[in-house]
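Asker: Each chain is listed here by its residues.
Number of protein chains: 2
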Amino acid sequence: MNDAPPFATRVNAQLPDWLVRELPTYNTLLPTAADRVALTNRLAARNYKEGNGGPFAALVVDPATGELISIGVNVVLSSGLSSVHAEVMALSLAQARLDAWDLGSAGGRELELVVNWRPCTMCYGALVWSGIKHLLIAGDGPECEDLTGFDEGPMPEDWKAEIERRGIRVTSGVLRDEAVAVFAEYGRAGAIVYNARGTGSHRRD
Amino acid sequence: MNDAPPFATRVNAQLPDWLVRELPTYNTLLPTAADRVALTNRLAARNYKEGNGGPFAALVVDPATGELISIGVNVVLSSGLSSVHAEVMALSLAQARLDAWDLGSAGGRELELVVNWRPCTMCYGALVWSGIKHLLIAGDGPECEDLTGFDEGPMPEDWKAEIERRGIRVTSGVLRDEAVAVFAEYGRAGAIVYNARGTGSHRRD
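So the sequences go chain by chain: A and B. Residue numbering for the first sequence is 1 to 205, as defined by UniProt numbering. Residue numbering for the second sequence is 1 to 205, as defined by UniProt numbering.
Please keep in mind that the hints were generated in silico from the structure rather than gathered at the bench. Accuracy of the hints is not assured; some may be wrong.
The list cannot tell twin chains apart, which means a pair is met if one copy fits it or any two copies do.
Stated by the list, open to error - Listed below are the simulated DMTMM-like cross-link pairs for lysine to aspartate or glutamate, each with C-alpha atoms no more than 25 Å apart in a straight line:
no. : residue 1 : residue 2
1   : 49        : 102
2   : 49        : 99
3   : 133       : 17
4   : 133       : 50
5   : 160       : 145
6   : 49        : 67
7   : 133       : 99
8   : 160       : 185
9   : 49        : 178
10  : 49        : 158
11  : 160       : 22
12  : 49        : 164
13  : 160       : 50
14  : 133       : 35
15  : 49        : 162
16  : 133       : 162
17  : 160       : 99
18  : 133       : 110
Make the full structure from the sequences, and use the hints.
Answerer: Written out as structure tokens, the structure is:
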């Protein structure tokens, strides 16, 4: 055993090819909350069909101007890494683009994370460390877990109050029905549920 | 504005050079819990002095054999990404090495995540999605937050029960005093606290 151990030393994740190809055609100004959530719903509906991961997408936006800073989708399957949910990708890509691990320090702007549903436990924590000041979500009820079979993980009881206390404002309920329709379609399609607990057995019901 | 928008499309993070250089000299068999936690304490004590991030380190190990699968340290500062805490790095590097986003599917082994303290909210969630079956930590009291000024984030009240219910066993209290000594030294050194809420203002006390 004199060989160097074969430790991995680098983590790499990237957006799917289809999204990278389309990015230059996207409107980079999304002035309204509905504009932003609509894009996450559209990307979420496509992402799982392309085989990249679950039906989830996220954006980082400057809500003062509507400028789109970054786009993320869930790439757990295509990257082989369980942590690269849509929110982690969007936050990391915004930090890479702005060269700031603390997005709260990026040019005095108060940036927004937009997601097509309430973040899971991991992404909830990732949001708190990112310097993001607003969370805009389509919804936060049990529909996502019930329709998709995904487990959101153990969240604190008063999850909104906990982050509002840390300076992150939450807006929920924008294009909610459209978001739920994506989850329903995903559930009907019987797409693979890739979280570590497998399909169904950890549904809430 | 006909130019392609300058979106970032790739996320890259890597272990620090000092750790990559030393890895080939490490003992890759860590048979006891104390062997494992001792390594996380040692790496945590060094990591912040090297300027990579906070005083945190994590390992993925096969507890049945003691085989070391991956090593992570907090590289928030050196990578410029707020999500690459020690646990996320160790989990991702284990997944890259074993080519399995679900570590619970990796050769029938029940792998362990070892950390020099209780994970923050984000890493707690990352653990749940990783397929890890055991969590081994030096401790889980308020000492880490009190001595370092770091905020662990909003955790569910019964955080241990929540993950035990999901099939992850928790062992806490191994080389606890040594772990606390690292946090105390960090606190005395006045090292930068890099989380998004800044030094001090979000201490528990």
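Asker: Determine for every hint whether it applies to the structure shown.
Answerer: Evaluation of the provided hints:
1. 49 to 102: Result: close only across copies, 20 Å inter versus 33 Å intra.
2. 49 to 99: between (32 Å within a copy, 22 Å between copies)
3. 133 to 17: neither (30 Å within a copy, 33 Å between copies)
4. 133 to 50: Intra 31 Å, inter 30 Å, cutoff 25 Å: neither.
5. 160 to 145: Classified as both: same-chain Cα gap 18 Å, cross-chain 22 Å, threshold 25 Å.
6. 49 to 67: Answer is neither; intra-copy 28 Å and inter-copy 38 Å both fail.
7. 133 to 99: within (17 Å within a copy, 35 Å between copies)
8. 160 to 185: Cα proximity of residue 160 and residue 185: none, with 28 Å in one copy and 34 Å across.
9. 49 to 178: within (17 Å within a copy, 49 Å between copies)
10. 49 to 158: neither (34 Å within a copy, 36 Å between copies)
11. 160 to 22: neither (34 Å within a copy, 43 Å between copies)
12. 49 to 164: neither (35 Å within a copy, 33 Å between copies)
13. 160 to 50: Result: close neither inside a copy nor across copies, 32 Å intra and 36 Å inter.
14. 133 to 35: within (19 Å within a copy, 41 Å between copies)
15. 49 to 162: Answer is neither: 35 Å inside a copy and 32 Å across each miss the 25 Å cutoff.
16. 133 to 162: within (13 Å within a copy, 28 Å between copies)
17. 160 to 99: Classified as neither: same-chain Cα gap 28 Å, cross-chain 36 Å, threshold 25 Å.
18. 133 to 110: Within one copy, since 5 Å is at most 25 Å while 39 Å is not.
Consistency with the previously given hints fails for numbers 3, 4, 6, 8, 10, 11, 12, 13, 15 and 17, ordered from lowest to highest.
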